[in-house]
Amino acid sequence: MPEPGPWWSALLLPAVVAVFAAGACSLDAALRARTAGAPGPAAAALLPVRSAAGLLVQQRRRTPAADTLLWRTAGVALLAAGVLASLVTPLGRWSVGDLSVGIVWFNAMEIVAWGAVWLAGWGANSMFGLVAGYRFVAQGLAYELPHMFALTSAAIGAGSLRVADVVAAQRDLWFVVWMPVAFVVFLLTVLAMAFRPPFDQPTGQDVAGGVLAELSGVDRLVFLAGRWVLLVSGAGMAVALFLGAGGGPLLPGWLWSVLKTAAVLAVLVWAGHRLPAVRMERFAEVAWLVLIPATLLQALFVSILVL
Amino acid sequence: MSLQDYLLLAAALFSVGLFGALSQQSIVMIMMGLELMINAVLVGSAAFWYFAAPDRPDGQVVVVLAVTAMAIEMAVGFAVTTAVFRARDVDMTDMAADLRG
Amino acid sequence: MCPVWREIVFWLCAAGAVASGIVVFRVDSMARATFALLASFLFGAGTILLVELTYLGILVVLMMIMEMVIMVVFMVMYMMNPAGLMPMSMLHNQKGSLAIAGGTFAVLAAGVYLVDWPTSRAPRPEQPVYSLGEALMGSKMLVMIVLGLALFATIVATVVLATHRGRYDRYGDRLDRDRPDDPVRGGVGR
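Protein chains in written order, with the working numbering: chain A, 9 to 315; chain B, 12 to 112; chain C, 69 to 258.
By construction, these hints were calculated from the structure, which means they are not laboratory data. Remember, it's a predicted structure, so these values are computed and weren't measured experimentally. Just so it is clear, CB atoms sit at the ideal spot from N, CA and C, and this is done for glycine as well. A few of these clues could be false.
[Claimed, not checked] Computed, partial: chain C to chain B, Cβ under 7 angstroms: (1) 83; (2) 112; (3) 115; (4) 117; (5) 119; (6) 122; (7) 124; (8) 180; (9) 199; (10) 206; (11) 208.
[Said to hold, decoys possible] In silico negatives: residues of chain C with every beta carbon more than 10 angstroms from chain A: (12) 171; (13) 228; (14) 242; (15) 244.
With the sequences and hints as input, model every part of the structure.
Next up, the structure:
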């Protein structure tokens with residue numbers, strides 16, 4: 009049964025999230041190196057460290073008449089929201105803040121990405137950035153609504169919006185067993201909300217990097233970190249809501265949480281390399297006509313079982 | 012932090028919104044004023060629930076109502092703007108005053 | 069939270085909400101105006117969270133972020149000068165509006181301090197969201213039904229108002245086309 013951790017756990021949270029994000033980033037780099045046929049995945053896994061250090065010392069690029077305030081806000085908001093989304097995620101027995109409406113909190117923090125990506129596109133005063141920002145806004149509802157209904161299924165299953173109650177309800181049977189549709193849709197939309205491939209149109213090659221086109225130096229580092237942290241938060245929440253959080257034999261709860269989160273994160277990153285990119289207008293219709301009804305039926309199924 | 016403080020905040024938000032709704036010419040800016048006024052309703056009804064009647068859910072229901080009203084206002088407002096703009100290339104209230112007596 | 073801190077947080081939120089509300093009508097950039105409005109809503113949500121309405125407070129945060137991101141699209145679309153790079157005034161009757169708004173504030177503020185507001189000693193529910201849910205599904209069911217109907221009517225009305233393509237454009241004058249003729253094809257093979 010998760011309980012609020014001690015006060016210093018709030019300081020620990022960003023560190024834990026950062027370690028996960030760094031791991032996912034290294035895995036991503038290693039996978040990309042393997043695809044490219046470059047030797048030594050171990051060396052490739054260290055590439056993110058080098059590029060992060062490079063970004064730290066890089067001078068900022070300027071664009072004429074950029075809206076610097078909004079542009080900088082974008083990265084900071086994305087990073088802060090990504091970390092805050094993990095506020096309610098339990099690690100074994102502890103979570104930093106077990107809000108009574110933790111699931112809604114998580115969703116609210118993920119939605120910040122929506123605004124942040126548009127701001128990053130707008131602030132640069134560059135055409136490609138703006139196009140890419142609008143891409144994400146246009147897709148927003150197609151991502152958010154299935155996501156919301158998947159979250160709703162888990163909440164109905166536990167009869168509570170508190171993450172601790174959802175975890176407690178999974179002591180005997182993980183939610184993934186009787187809500188597989190919600191689980192799969194949740195993972196898909198987590199990828200989409202973090203605009204990771206195959207949903208990476210906001211940063212696509214066809215718009216010269218999109219919202220990342222003009223970002224440079226520390227701003228770019230913060231924005232990219234925020235994107236990884238958002239993915240980590242999504243993976244952590246998937247473990248808490250569908251995979252029984254810290255439940256498991258032999259090992260202590262926190263270790264189970266870490267292992268499961270790492271596994272889900274690895275699957276998400278791997279899927280990003282394996283799945284073909286989905287064209288936006290296609291996915292929008294699939295989301296509205298297939299995913300939303302499917303998650304609604306899943307919620308109905310869960311409601312009937314619970315009753 | 013008392014009911015009076017909250018209502019004062021709501022009154023201030025309402026007045027700012029009213030100023031915007033009255034003084035702006037562009038339809039979309041008028042809608043921002045309206046949203047600010049509904050924000051005042053949110054704050055006010057939440058305060059009434061907490062200080063005046065926490066044992067009854069009415070205050071919370073009003074908050075839900077106001078949030079929905081805001082969503083409807085925005086959706087219909089932009090739809091009308093789109094329709095007007097498409098028909099006549101107009102986005103200012105002063106140019107869409109056909110019903111003036 | 070101890071009372072002093074609540075007091076400080078409340079006044080910070082209140083000042084922030086009003087200040088960013090004023091900023092909405094002062095800036096030239098529509099993106100800034102919209103996100104200033106969002107800031108005003110977030111500060112407002114802060115005061116709602118202070119009165120222990122956790123669910124409604126976070127709901128306001130969630131909905132307002134979504135709404136403002138949609139709103140900004142239209143703001144940029146329908147303003148002549150969305151980025152505010154060429155400052156221009158889009159106001160009319162500024163003095164009159166200011167007088168009316170100021171007068172309204174004066175009347176409301178006087179009312180706030182003159183009226184003897186009711187207070188309640190009733191115990192506050194442990195989980196306000198439960199009482200809200202039970203009310204919406206029970207004694208206040210009518211509200212929920214009306215809201216549902218109104219939202220549905222809104223969906224229909226907005227689509228009718230905003231779209232310029234009807235079924236005759238999609239399926240031909242005799243409605244006999246097998247596949248609709250859409251400018252953008254969707255993903256489920258229609």
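Worksheet item: Against chain B, is residue 115 of chain C within 7 angstroms by beta-carbon distance?
Response: Cβ of residue 115 of chain C sits 6 angstroms from chain B, so the hint holds.
Practice prompt. Evaluate the condition: distance from the CB of residue 242 of chain C to the nearest CB of chain A exceeds 10 angstroms.
Written response: holds (25 angstroms)
Fill in: Restraint satisfaction for residue 122 of chain C [CB to CB of chain B, less than 7 angstroms]
This interface hint is violated because 11 angstroms lies over the 7 angstroms limit.
Worksheet item: With 7 angstroms as the cut and Cβ atoms as the points, is residue 119 of chain C at the interface with chain B?
Response: Where the cut-off is 7 angstroms and the nearest Cβ of chain B is about 4 angstroms from residue 119 of chain C, the hint holds.
Item to complete: Under 7 angstroms, Cβ to Cβ, is where residue 124 of chain C needs to be relative to chain B, so tell me if that hint holds or is violated.
Response: The hint holds - residue 124 of chain C has a Cβ within 7 angstroms of chain B, the shortest such distance being about 5 angstroms.
Item to complete: Have a go at the residue 199 of chain C hint: is there a Cβ in chain B nearer than 7 angstroms to its own Cβ?
Response: holds (5 angstroms)
Worksheet item: For the hint on residue 180 of chain C, does the least C-beta distance to chain B fall short of 7 angstroms?
Response: Residue 180 of chain C check passes; min Cβ-Cβ to chain B is 4 angstroms, inside 7 angstroms.
Item to complete: Verify the interface restraint on residue 83 of chain C: the C-beta must sit less than 7 angstroms from at least one C-beta of chain B.
Response: Violated, because the Cβ-Cβ distance from residue 83 of chain C to chain B comes to roughly 9 angstroms (cut-off 7 angstroms).
Worksheet item: Taking the closest Cβ pair, is residue 117 of chain C under 7 angstroms from chain B?
Response: violated (9 angstroms)
Practice prompt. Quick one: work out the minimum CB distance from residue 228 of chain C to chain A and report holds if it exceeds 10 angstroms, violated otherwise.
Written response: holds (18 angstroms)
Discussion item. Quick check for students: does the CB of residue 171 of chain C sit more than 10 angstroms from each CB in chain A?
Written reply: holds (34 angstroms)
Practice prompt. Double-check residue 208 of chain C for me: the hint is only fine if its C-beta lies closer than 7 angstroms to a C-beta in chain B.
Written response: holds (5 angstroms)
The structure fails hints 1, 4, 6, 10 (numbered hints given earlier, in ascending order).
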